[in-house]
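There are 2 protein chains.
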Amino acid sequence: MKKLINSADTVLEESLDGLAAAHADILLLGADRKFVRRRNLKPGKVALISGGGSGHEPLHAGFVGHGMLDAACPGQVFTSPTPDQMIEAAEAVDTGAGVLFIVKNYEGDVMNFTMAAEMAGREVASVVTNDDVAVEKSTYTTGRRGVAGTLIVEKMVGAAAEKGMPLAALKTLGDDVNRRTRSMGVALLPCTVPAVGRPNFTLADNEMEMGVGIHGEPGRRRVPLASADAIAADILGAILDDLEPSKGSEVLLLINGFGATPLIELYLMANSAKRILDGAGVTATRFLIGSYVTSLDMAGTSITVSVLDGQSKELWDAPVHTAALRWRM
Amino acid sequence: MKKLINSADTVLEESLDGLAAAHADILLLGADRKFVRRRNLKPGKVALISGGGSGHEPLHAGFVGHGMLDAACPGQVFTSPTPDQMIEAAEAVDTGAGVLFIVKNYEGDVMNFTMAAEMAGREVASVVTNDDVAVEKSTYTTGRRGVAGTLIVEKMVGAAAEKGMPLAALKTLGDDVNRRTRSMGVALLPCTVPAVGRPNFTLADNEMEMGVGIHGEPGRRRVPLASADAIAADILGAILDDLEPSKGSEVLLLINGFGATPLIELYLMANSAKRILDGAGVTATRFLIGSYVTSLDMAGTSITVSVLDGQSKELWDAPVHTAALRWRM
Numbered sequence: 001m002k003k004l005i006n007s008a009d010t011v012l013e014e015s016l017d018g019l020a021a022a023h024a025d026i027l028l029l030g031a032d033r034k035f036v037r038r039r040n041l042k043p044g045k046v047a048l049i050s051g052g053g054s055g056h057e058p059l060h061a062g063f064v065g066h067g068m069l070d071a072a073c074p075g076q077v078f079t080s081p082t083p084d085q086m087i088e089a090a091e092a093v094d095t096g097a098g099v100l101f102i103v104k105n106y107e108g109d110v111m112n113f114t115m116a117a118e119m120a121g122r123e124v125a126s127v128v129t130n131d132d133v134a135v136e137k138s139t140y141t142t143g144r145r146g147v148a149g150t151l152i153v154e155k156m157v158g159a160a161a162e163k164g165m166p167l168a169a170l171k172t173l174g175d176d177v178n179r180r181t182r183s184m185g186v187a188l189l190p191c192t193v194p195a196v197g198r199p200n201f202t203l204a205d206n207e208m209e210m211g212v213g214i215h216g217e218p219g220r221r222r223v224p225l226a227s228a229d230a231i232a233a234d235i236l237g238a239i240l241d242d243l244e245p246s247k248g249s250e251v252l253l254l255i256n257g258f259g260a261t262p263l264i265e266l267y268l269m270a271n272s273a274k275r276i277l278d279g280a281g282v283t284a285t286r287f288l289i290g291s292y293v294t295s296l297d298m299a300g301t302s303i304t305v306s307v308l309d310g311q312s313k314e315l316w317d318a319p320v321h322t323a324a325l326r327w328r329m
Numbered sequence: 001m002k003k004l005i006n007s008a009d010t011v012l013e014e015s016l017d018g019l020a021a022a023h024a025d026i027l028l029l030g031a032d033r034k035f036v037r038r039r040n041l042k043p044g045k046v047a048l049i050s051g052g053g054s055g056h057e058p059l060h061a062g063f064v065g066h067g068m069l070d071a072a073c074p075g076q077v078f079t080s081p082t083p084d085q086m087i088e089a090a091e092a093v094d095t096g097a098g099v100l101f102i103v104k105n106y107e108g109d110v111m112n113f114t115m116a117a118e119m120a121g122r123e124v125a126s127v128v129t130n131d132d133v134a135v136e137k138s139t140y141t142t143g144r145r146g147v148a149g150t151l152i153v154e155k156m157v158g159a160a161a162e163k164g165m166p167l168a169a170l171k172t173l174g175d176d177v178n179r180r181t182r183s184m185g186v187a188l189l190p191c192t193v194p195a196v197g198r199p200n201f202t203l204a205d206n207e208m209e210m211g212v213g214i215h216g217e218p219g220r221r222r223v224p225l226a227s228a229d230a231i232a233a234d235i236l237g238a239i240l241d242d243l244e245p246s247k248g249s250e251v252l253l254l255i256n257g258f259g260a261t262p263l264i265e266l267y268l269m270a271n272s273a274k275r276i277l278d279g280a281g282v283t284a285t286r287f288l289i290g291s292y293v294t295s296l297d298m299a300g301t302s303i304t305v306s307v308l309d310g311q312s313k314e315l316w317d318a319p320v321h322t323a324a325l326r327w328r329m
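Here the protein sequences come in this chain order: F and Z.
When we follow the numbering used here, the leftmost residue of the first sequence carries the number 1, and every step to the right adds one.
When we follow the numbering used here, the leftmost residue of the second sequence carries the number 1, and every step to the right adds one.
Simulated from the structure, these hints should not be mistaken for laboratory data.
The C-beta atom is built at its ideal place from N, Cα and C for all residues, glycine as well.
Any given hint might turn out to be false.
Per label pair, the in silico range of CB-to-CB distance [stated by the list, open to error]: (1) Arg39/Z with Glu91/F: 40 to 48 angstroms; (2) Glu91/F with Ala168/Z: 56 to 64 angstroms; (3) Glu314/Z with Trp327/F: 16 to 24 angstroms.
If you want the footprint, here are the derived chain F segments under chain Z, 3+ residues with CB under 8 angstroms [as the list claims (entries may be wrong)]: (4) 14 to 25; (5) 57 to 67; (6) 225 to 233; (7) 260 to 266; (8) 290 to 297; (9) 323 to 329.
Isolated chain F, as found in the complex (with noise of 0.2 angstroms):
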């Protein structure tokens, strides 16, 4: 295992300071490093909370801050958070409007973030993020997994919870964002998790694994490798027969890199996923080109696709000063 770490039992607390001094400006650590908030609240503002096990950042922690979340509750590498760790974020972070948990569809973080909204005493809704077209159950998970589209229901809720959009009103906007939203990834090299320390999955040196999940779940089919070209047409006709948007729609285009894949390799799949679109009459309009919903170090990349409308667009335009996504402010 070749990580740039000192024990595999501290990387995530060791992770966390570093993030918390880089970005002092914009965020703090809870106490215990049991969530990440932002460091500036705006009272009256419904909080927006979510989390997950680590190994996915820029994911959450890098997405908290104005126009985004109000928390983030770390796990350790691929692990659930527990419910301690979000009945405190709601703790710090509500300022009486109420709290919204963003959560991705597995079966860890979906139960502990229930039994959190449960006990913690306040009003809270929830959305589950379930984008991944590749399979319907997975490792992890009953029904789809909550993958890359994620971060565009945060995007987008976080910027309607801003401009004051009640606590009801934003969980309806979410589960909308998410309906509109399909992902699908492939690995092209394994991650290692650092407690683990011996990659999770193997990959002949002709093969990829197409459908993958973020935690190097399996996918649909392991397959020769193939060109992007390829790649994209596969992904994008997954996306496409499952989300059917109507001819003449606007999308916005999301090329995420899994943790190891260098940018003049995502700009490239941009090329071939926006040249597929533009076939099947899908206009993207609105581009993230990026590692943000990241496993730790697998090769890969995963498209996802979001249909926009007037109000999504405004939404995605709003600004936003998080740690990893930044513009207009």
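Since the structure of chain F is provided, determine the placement of chain Z on it from the hints.
For chain Z alone, kept in the frame of chain F given last:
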């Protein structure tokens, strides 16, 4: 070779097309993709042009936009751009106030930018960056290599140009920022040039290359894999010995990933580096953590320290709106 590409021959072209599609609000491509330029120029501002071999994305094209570069000339992977690229870029973006070239110290780049400056038929000055303390002479370099510190020069000089600083003063400023800035890197895994198809050097499972260059050039020594703290101490020892910042100095700390290193490890390195700087009586008050000056799919990191003063803090904090760096606008 596992890469998201269609053909080794078209990687650069396709990736540039993806970049241009994704950031059409900021930049556009010159004829035959010879350069990437700002969509909107600012008349009367000195034009800043950089460039170099590709494979280091987002450097340089990702830094084209308000507050940084006016144009970037991408060569093929790890290959200098040719003088006609810089000449045509200068023709496209010089609005009459002259042109500043920002050039990393590699023989091919320096030669080609020098030829372009002589042949451009306009007022041109050049800043050559050489921030890498690892070695005094390298595979493609006489003198020190220009590496991740180049982006700090581009940011600070870019902010000053935006405020109307004239060409001669920008040249002086760029040389001064370069002199205040030192970097050194380490590779854990090699990179693979698409047209070559195999790793450009080999490392045993327990080895790393300390002082590696951004093309995988040899560094100071091949050493056993070490902890993040030990790596940070080694690199910062070399940097601080050379830079000799006075006690109480404020610095900008850049933890740069080489392309295949996940953010969780880079934030952990930031934590190690900050602690060591604190111990040396030097305070990091500005941070940049991410993969900004990469080496294709090389795993590893570089640390850059740049000594700040009132002017350079203001220039660093000034608004920037590029594909890869965005803040305050």
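How the hints compare with the structure:
no.: 1; hint: Arg39/Z with Glu91/F: 40 to 48 angstroms; in the structure: 47 angstroms, holds
no.: 2; hint: Glu91/F with Ala168/Z: 56 to 64 angstroms; in the structure: 58 angstroms, holds
no.: 3; hint: Glu314/Z with Trp327/F: 16 to 24 angstroms; in the structure: 22 angstroms, holds
no.: 4; hint: 14 to 25; in the structure: holds (count 9)
no.: 5; hint: 57 to 67; in the structure: holds (count 3)
no.: 6; hint: 225 to 233; in the structure: holds (count 5)
no.: 7; hint: 260 to 266; in the structure: holds (count 7)
no.: 8; hint: 290 to 297; in the structure: holds (count 4)
no.: 9; hint: 323 to 329; in the structure: holds (count 4)
Hint check: no violations occur; every hint is consistent with the structure.
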